[in-house]
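Chemist: So the chains spell out like this:
There are 2 protein chains.
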Amino acid sequence: MTPGSDQSSGDLTRDDGYELDRSAVAAILYAVDTEDKEQLTRLMEPLHAADIADLLEQINSNDRERLIHLYGREFDGEILTELEESVREDVIPILNPQVLAEAVRDLETDDVVDLVEDLEEPQQEAILDVLEDADRVAVEQSLSYPENSAGRLMQREVVMAPEHWNVGQTIDFLRESDDLPEQFYHVILVDPRMKPIGNVTLGKLMGARREVLLVDLQEEVFEVIPADQDEEEVAYAFNQYHLISAPVVDGDDRLVGVITIDDAMVVLDEEHEEDILRLAGVGESALSDSVADTSKKRLPWLGVNLFTAICASLVISQFEATIAELVSLAILMPIVASMGGNAGTQSLTVAVRALATKDLTGANVWRVIRRELLVGMLNGLCFAAVLGVVGMLWFSSPMLGAVIGTALVFNMIIAGFAGTVVPVTLDKMGIDPALASGTFVTTTTDVMGFFIFLGLASKVLL
Amino acid sequence: MTPGSDQSSGDLTRDDGYELDRSAVAAILYAVDTEDKEQLTRLMEPLHAADIADLLEQINSNDRERLIHLYGREFDGEILTELEESVREDVIPILNPQVLAEAVRDLETDDVVDLVEDLEEPQQEAILDVLEDADRVAVEQSLSYPENSAGRLMQREVVMAPEHWNVGQTIDFLRESDDLPEQFYHVILVDPRMKPIGNVTLGKLMGARREVLLVDLQEEVFEVIPADQDEEEVAYAFNQYHLISAPVVDGDDRLVGVITIDDAMVVLDEEHEEDILRLAGVGESALSDSVADTSKKRLPWLGVNLFTAICASLVISQFEATIAELVSLAILMPIVASMGGNAGTQSLTVAVRALATKDLTGANVWRVIRRELLVGMLNGLCFAAVLGVVGMLWFSSPMLGAVIGTALVFNMIIAGFAGTVVPVTLDKMGIDPALASGTFVTTTTDVMGFFIFLGLASKVLL
Chain L
1 MTPGSDQSSG
11 DLTRDDGYEL
21 DRSAVAAILY
31 AVDTEDKEQL
41 TRLMEPLHAA
51 DIADLLEQIN
61 SNDRERLIHL
71 YGREFDGEIL
81 TELEESVRED
91 VIPILNPQVL
101 AEAVRDLETD
111 DVVDLVEDLE
121 EPQQEAILDV
131 LEDADRVAVE
141 QSLSYPENSA
151 GRLMQREVVM
161 APEHWNVGQT
171 IDFLRESDDL
181 PEQFYHVILV
191 DPRMKPIGNV
201 TLGKLMGARR
211 EVLLVDLQEE
221 VFEVIPADQD
231 EEEVAYAFNQ
241 YHLISAPVVD
251 GDDRLVGVIT
261 IDDAMVVLDE
271 EHEEDILRLA
281 GVGESALSDS
291 VADTSKKRLP
301 WLGVNLFTAI
311 CASLVISQFE
321 ATIAELVSLA
331 ILMPIVASMG
341 GNAGTQSLTV
351 AVRALATKDL
361 TGANVWRVIR
371 RELLVGMLNG
381 LCFAAVLGVV
391 GMLWFSSPML
401 GAVIGTALVF
411 NMIIAGFAGT
421 VVPVTLDKMG
431 IDPALASGTF
441 VTTTTDVMGF
451 FIFLGLASKV
461 LL
Chain B
1 MTPGSDQSSG
11 DLTRDDGYEL
21 DRSAVAAILY
31 AVDTEDKEQL
41 TRLMEPLHAA
51 DIADLLEQIN
61 SNDRERLIHL
71 YGREFDGEIL
81 TELEESVRED
91 VIPILNPQVL
101 AEAVRDLETD
111 DVVDLVEDLE
121 EPQQEAILDV
131 LEDADRVAVE
141 QSLSYPENSA
151 GRLMQREVVM
161 APEHWNVGQT
171 IDFLRESDDL
181 PEQFYHVILV
191 DPRMKPIGNV
201 TLGKLMGARR
211 EVLLVDLQEE
221 VFEVIPADQD
231 EEEVAYAFNQ
241 YHLISAPVVD
251 GDDRLVGVIT
261 IDDAMVVLDE
271 EHEEDILRLA
281 GVGESALSDS
291 VADTSKKRLP
301 WLGVNLFTAI
311 CASLVISQFE
321 ATIAELVSLA
331 ILMPIVASMG
341 GNAGTQSLTV
351 AVRALATKDL
361 TGANVWRVIR
371 RELLVGMLNG
381 LCFAAVLGVV
391 GMLWFSSPML
401 GAVIGTALVF
411 NMIIAGFAGT
421 VVPVTLDKMG
431 IDPALASGTF
441 VTTTTDVMGF
451 FIFLGLASKV
461 LL
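For the protein sequence lines, the chains are L and B, in the order given. In terms of UniProt numbering, the first sequence has 458 at position 458, counting the first letter as 1, and numbering is strictly consecutive. In terms of UniProt numbering, the second sequence has 204 at position 204, counting the first letter as 1, and numbering is strictly consecutive.
Read the hints as simulated data drawn from the structure, not as lab findings. It should be emphasised that the depicted structure is a prediction, and the values quoted were computed from it without experimental measurement. One or more of the hints may lead you astray.
The list cannot tell twin chains apart, which means a pair is met if one copy fits it or any two copies do.
What the hints assert, rightly or not - Straight-line alpha carbon distances no greater than 30 Å define the calculated DSBU-like cross-link-like pairs of lysine-lysine that follow: (1) Lys428 x Lys297; (2) Lys358 x Lys37; (3) Lys296 x Lys358; (4) Lys428 x Lys358; (5) Lys428 x Lys459; (6) Lys358 x Lys195.
Just chain L, same shape as in the assembly (with noise of 0.2 Å):
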């Protein structure tokens, strides 16, 4: 994007808000068809490398191997870094040799390493070949850290200061030096054994007098991040702290280097986006993903699903004689099993969800728990008063609605509980509540759901 551009400004054409424009969309690929170099540079040029990503994600794979070729010198590494995986896979090899070379040139140490760290060994030794020493070296670091953790988000070029500096040192320091990083927003404090001691933003030391020292400027809120730490847990202390940059140091308390929160702030929708789609059974998926990967990722989830069915379809098979007498018991056992599933939705995701958030802790959760069960027999009895009437009129048998009602809230009160224990249980035991805990939950009710309305109904009505 051209610095002074903005939204309302023509050549831009979003219509929904940021969302790429189909007609701009058109133009460009209509560009390509027609080979026209000059009209494509002019039509990309005011997007900004992740609008470019977005756009070579959403069209399809021969346009976009023919746009590349046709784009040419023009494509910039940035782009390469904002590309979904796949995606990103299937470009690097289309790349010119030499255009990759540049575009990776042109990176931040840890954009290099954002964009290397998923790739499969030959391409990456390809990028790390083309990088200068000091930067393939610096690269090579990040990768030394554990994958998703701060050592990998964190960018080496920080800016410190001793301790005992005053504002006009600081500013001079400043002045002087001829590489400071692209975008910082504090100066660390330093001791003389490189332990961070306090943060001073830019702000404070542009409003202050030259002789002020550094320590009476510093933020009231400073936080460190160790370099091991899970970058899911910094994403989190930025977000509770509102941190805007946070210093990170090695084993020893030394500083190594400095996260910022842009780059929290993509953890953070990178770890919702996870738990959306693990709640949903989809694991890691993007839309540009094959047929072939997606079904794929698919399988395993719907597998368990179909084993826990399957058990659930055992449970009725005991009750095959009581159904063969009373077939109305069939049309309304779903119902049951229905609304304890979605009951227990309810409950489990927002346990993962405060669990997420570390709202659900030791000393709430049998608050949380008592709470769910409670909800579950309070809905239980009001859906089983508007179901016990149905079932006794639509086949004239109260003590049919008064079995189902019953079941019902049974149901609902297991949904509460199993929804809230399950997820609690698995975080305990190190696993993603988010991952797991649908498939324990809605098994749960499925087979109590059946268990306790056919069980009852064969007691009570035969």
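Here the structure of chain L is known, so what remains is to put chain B in place on it, guided by the hints.
Modeler: Just chain B, lined up with the frame of chain L:
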């Protein structure tokens, strides 16, 4: 948190990363029980306002009230802004009016807006009354913007410079201002009509010579946010373009405020929470809501589900005679519905998420639908094979195996189709797809699952 403290220092005592430690909570509650104000203050002092807010949310309302009374004047305004709405409404009346007044007066105006916008009228008045006149006017002006708009989110204190200034003039101006905002990261360049035309980071300003023009230092990426833009779009823009701060303009393109990334991150987090909870049919909810509130909030979706479950039962009842003759159909039919429901949920979650990130657009919607149909068919065929064998072995009827397998394939194709078309259509109609897609999709897969399986069985097996 005091300057220099970090998460490894003794008093903070958080065991799992940033989670509140159970023993720290116990110690605080013990101080409350023994009315040991000194000890309470000592224990609370190292805690960040956001952590104190979490603590207040996690303890019961009785302990909460006693803690607040004992804590007295130490109560900080920032704690209020960090609290969940329902707890906040409980806390405000407990606070001594003078403590409340002091707490609120310390806040920036955008935090006051955040605090009062969700409050009931009398509580809102009580807070606005304690503000100084200038602040009250600022807050009331912000409240005049629509709810969840950029105007509500922005802070009104901006740092700007005429477009023709150089670095020296700007630095002198900053040094002479005596009320720079607490946090700012850019100097906004404006034209003579107050239209923002560019951003210069403080880092660049520090590093450049005095005679360099500001326009030569401006950032490449620059987005201007209209004051009436929805905050969800604002968060998207910050995340997509890695913005740190962005100027907000009124209808005449005049600068009226600035939004910083920390506020955008909070919005992103809230929007995700909303999506994840809506997908589960929970709506807005917090762990600290009462049983009655929780129950009431979950009823609507369960009611809708009851209705759709009854629809599915009506479909089953059409095949009463068939089931009476062949009870194994009743045993197997939940499997077809359950597999369809799960496959549909997978598709719709991917679609809802892709719509939120603007990855699913007019440019690729047909390709995505085709992919979902193919994935449904592929996975359907896989499990049809398994299920066919199960049906055959269990009930020794190859034809029954063939029927359930065929029904499964069709239902999973339907699931893939509905799981994409439903959210896309709702989105086009301006309805949040996270809110309503689930009902439509699972109703479709339930009804169609039962209909195809039982219908086919009645034709083929009887």
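Chemist: If a hint holds in the structure, say so; if it does not, say that too.
Modeler: Status of each hint after checking the structure:
no.: 1; hint: Lys428 x Lys297; in the structure: both (26 Å within a copy, 28 Å between copies)
no.: 2; hint: Lys358 x Lys37; in the structure: between (52 Å within a copy, 27 Å between copies)
no.: 3; hint: Lys296 x Lys358; in the structure: between (33 Å within a copy, 25 Å between copies)
no.: 4; hint: Lys428 x Lys358; in the structure: within (13 Å within a copy, 35 Å between copies)
no.: 5; hint: Lys428 x Lys459; in the structure: neither (40 Å within a copy, 51 Å between copies)
no.: 6; hint: Lys358 x Lys195; in the structure: within (29 Å within a copy, 42 Å between copies)
Hint 5 alone, counting from the list given before, is not met by this structure.
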